[in-house]
Each structure stands twice: as C-alpha cells, then as structure tokens.
Amino acid sequence: MAETRRAPRTPLTYVLRLIVIGYLGLLVAWPVTLVAWNAFHLPDVGFTTEAFSAIFSDPQMMAAIRLTCVAAVVATLINLVFGVSISLLLVRTEFPGKRVLSALIDLPLSVSPIVVGLALVLVYGGRDGWFGPTLESAGIQVIFSTPGIIMATAFVSLPLVIREVIPVLEEIGTEQEQAAASLGASSWQTFWRITLPGIKWAVVYGVVLTLARSLGEFGAVKVVSGNVLGQTRTATLAVEEKYLNFDQQGAYAVAFLLASVSVICILIVFVLRARGARVR
Amino acid sequence: MTATIPEVRSAAPRSSRPASTLTLTSGIGLGVTMLWFSLLVLIPLVAVIITASTGGWSAFADQLTNEQTAAAILLTIRSALVVTLVNVVIGTVIAWVLVRDRFWGKGLLEVIIDIPFALPTIVAGLVLLSLYGAESPLGLHWANTSTSVYLALAFVTLPFVVRMVQPVLEELDADVEEAAASLGASRSTTFRRIILPSLAPAIAAGAALSFARGMGEYGSLVLLSGNLPFESEVASVRILSAIENDNPEGAAAIAAMLLVVSLLVIVVLDLIQRRMVRRG
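Each protein sequence line maps, in turn, to chains A and B.
The first sequence begins at 1 in the working numbering and counts up by one.
The second sequence begins at 1 in the working numbering and counts up by one.
None of the hints are false.
With beta-carbon atoms standing in for the labels, derived distance ranges:
no., chain 1, residue 1, chain 2, residue 2, range
1, A, T49, B, V89, 41 to 51 Å
2, A, K98, B, L74, 33 to 43 Å
3, A, W201, B, R102, 19 to 29 Å
Partner residues aside, some chain A positions facing chain B, computed with beta carbon under 8 Å:
no., residue
4, L24
5, F95
6, P96
7, P113
8, M151
9, A255
If you are wondering where the hints come from, they were derived from the structure by calculation, not from laboratory data.
Quick reminder that beta carbons are idealized off the backbone N, C-alpha and C, glycines included.
Modelling step: build the complete structure from the supplied sequences, incorporating the hints.
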C-alpha cells in the first residue's frame, strides 16, 4: 500500500469505518484482550502471575509444552525441506500431472482437522490401520505417539511454505540461474548461491507461519494423540482439559502463552513485510 | 499476511514447453517428495473414502441419515453458508476500508485481521467464551446454543475474504473509476459496474475458502458450543464421537462427505484462479 488514494470523504466513509471497527472490536479485539486480562487477574485477588508459576512448576505441563515445541519444530523442518523442493519442481520443471499436484497441495487448507486425524488413524493405527500393524511389529508406533502428532501437524501446515515460495520463484525468473550454470556452477551451487538467496524472505515468512500453525494445532492432534498424560498431551490439549476440569485460570494462562507466540509470529511477518515493501 | 490464502498462480504457457523437463536429480527429488506427499496426505485421504465405501452405498447413506448425524450435518452446512455470506459482505467492506480509508489505528486493524488465522483454534474458543459465555460482560449468554456455532465460524473465517480482496483492490486502476465518474456515473453505479466485477473472482475465492473452513471447523467449537445433539453439534464433532465409539465406518462416512466438499472447493478455486490469470 504505497499510496492510499484519497477518495472524497462522505458520510458513508465514516459509517463503513464505524462498522468495521465495531465488528472487529466485538469479534476479535475485545475477547482477545479479555483472555489476556483473565490470565493475570483473579476476581478476589487482583493482579497475579500465580497461574503462570503453577504451569512452570507442573512437570506434566512442562512435558506438554516440550512436546508441542518438539512436534512443531520437526513438522516445520519437514515442511521447509518438502515445501522448498516441491515449489522448485512445480515452478522450474514440467512433468505429467503437475496441474493436479499443484491443486492437491492446497487440500490440507480446506480439509477438516478431524478428517486429517481420522485419515492418519485409518492408515497408521496400530490395531487395524493399513500400515499400522506392520510398522508396530517393526517397533514403530505412530498413532498415540509422537510420530503421529508430528505427521498430523505436518499435514495441516503443509501448504504454507509452498504458498509463500511459489510466487517469488515465478517472479525472480531463471536468468540468473542460467547465467550461473553457463559459468560452470553445479546445480547445487546454483541453488545455494543464487536461488536460495532470492527466495530467502519468502522461506522465512513461510517458516514463521508454519511454526505458528503447528504450535496451535488441536483437532488433528487430538484424534491421533490419545492424550496420554506426560507423553502425548500437547499444550493445546492441556487448555481443553484444564478448562473442562474447572481450572479456568490455568486454561487462560496456557491459552495466553500460546496466543502470545502466535501474535508474536504475526508481528514478525507484519514487520518483515512492511520492511520488504519499503525496500522494493 | 496473505499467507494461508492461495495466491494466484500464473498458468504455464503449455504449448511452448515439453511434457517433461525432469533431469535425473529433479526426477529423484520429485520421487522422494511424491512419496512423502502420498504417505502423509494422499494414501490417508484415500483410506477415508475406501473405509466409507466398504459397506456399499446403502450403508454409507444409512450413516449419514442417522437422525443425529443428519441434524449435525444440516447445522454445519447452514452455519457455513450463513457465515460465508456474512464474510462476503463484511469482508469486502473491511478490505475496502483498509485500502481506501485512512485513519489513526488502521495498522492495528491490519494485525487484528490476522489474529484468527494465527490463534490456536482451542484458544479461539476460549477467547469467544470470555465475551459471549457465562460470565459475559455484555450479558450475551451464547455458549451452548446454536448461535455460538455461527459466532465461532465467523471468528475463524474472518480473514479469508478480506485477504483475497485486499490485494486486488489495491491494484485496481483509479483511472477507470475517474473516467466513469467524469462520464456522469454516480458512486454507487461506479461501484456496481466497475469495481464489483473486478473484485468478484477474489470474493468468490475467499468465499470458497471460508465455506470449506466453516464446514470442517472443530477446535473453536469444543468449549464454546457444548456439542449438544440437535442444537449445537457439528459434523466434525460427530466424526470424533464415532471414532471414540469405535465406529470407523460411521466416522469415515461423514469424513468422506466433508472431503468431497473440500475437493469441490479446491476445484472451484483452481477454476477461479485460472480465470483471474487469463484476464491478466
């Protein structure tokens, strides 16, 4: 948004502005502020950080937070490598079935998280999944265990890196890559020295968004995790459990932690983008 | 952050390119990525369809016409449709205000729009409970009613239309509008005849994504809607209770129906994107 066009201001301008502020305020801003307030505020005590110290001193909660972080980081790494490779293939090469593949890549965005969980259970479930019993006899448990949580997380955040990288790859074109190749660079060198620096920021956005999505995944993880205390319970599952067990303060505190991470992620992307727009 | 929204991809000029330009390295790369994509996404989703069809057509239909399931599916479709319509109107208005208006605090609105994307869904439910639940400062006790379903869907699908329409509106040429105005068109005529047709594909794409998300939503509803049968229970919740009751066929039948909706949305998006590209 380099320049905002100055339309003549009419009463309608103010009406629309008011509608938008009112809608966003009631739907998003006010409730989000209330959760932050509730996390630090008890009705009769006033301001307190007790709920947070309770979380950090509870070994099971720490295990849940650790599991969430591990699953999110591993899923993000997988999606980083997979996303960059598939973007390069989709933009730089031609192969039969490319159009179908590029449409299917978007599927995880529109599939329900519960369907994702069910799909993984049907294939990797230890008892009667397609591959589950074979994997289990080889000593690999997927469902009700960390690999399943990682797969569910990787599934739901799959398209995010690709969505960021593909438009940039198309924009930068192949001239520099061809120049590098004609000067004798191997394809590996060309990738590290030319292509990767060109798509660097798109990859960074993609990774931040993937991480935010992965830390917060709930539905798909709920189906595949089995919610075993201290083993397969993630932070988002703990929010639900604490709330249902009438530990509202604790639920608000964990929710506040998760929300802070995701808001920080948005702010990072927002600032990076604003800087990118200025540089351009 | 246009991140989770499919960007418009430029269609490759097919005629001038060979069917395949894979080298040995990129061929192996394609093989490995396709293997992972199949294991993670394709095979599990196919498993859903196959499990749903094991009992034949009549068993499939029986699962869906179960009274409680049918009620859940109808509520899901109705709320997803209503919320999509709301988003079409309010999303376009929000995008309009963000692009054409200028006032103090607009940057904050930009960040607020992205919060529903980044916030973990379970936290989104908790957030809405704080303003619309039992302890509502507004006195709106919408928790555990069907209203809460509409509310939660409106929250999580808020960014889709806004983020699709906003970039198109920014690119829109002011000259055409000025020409229309100088030829005597009123502002409403200019909007209807000039601006709206250019925005229509972006609005449609946003609406499709918003509908798909609404159909599959789970996390934000768990705490908020109470999942009361015939009142506030949605399709995803039915799938989960079928899984928990060890009824994979029933779960797969509802999941297959949701999956078909997702696939249709992907096809619609692909068609819209192609049309947008053709128009330049």
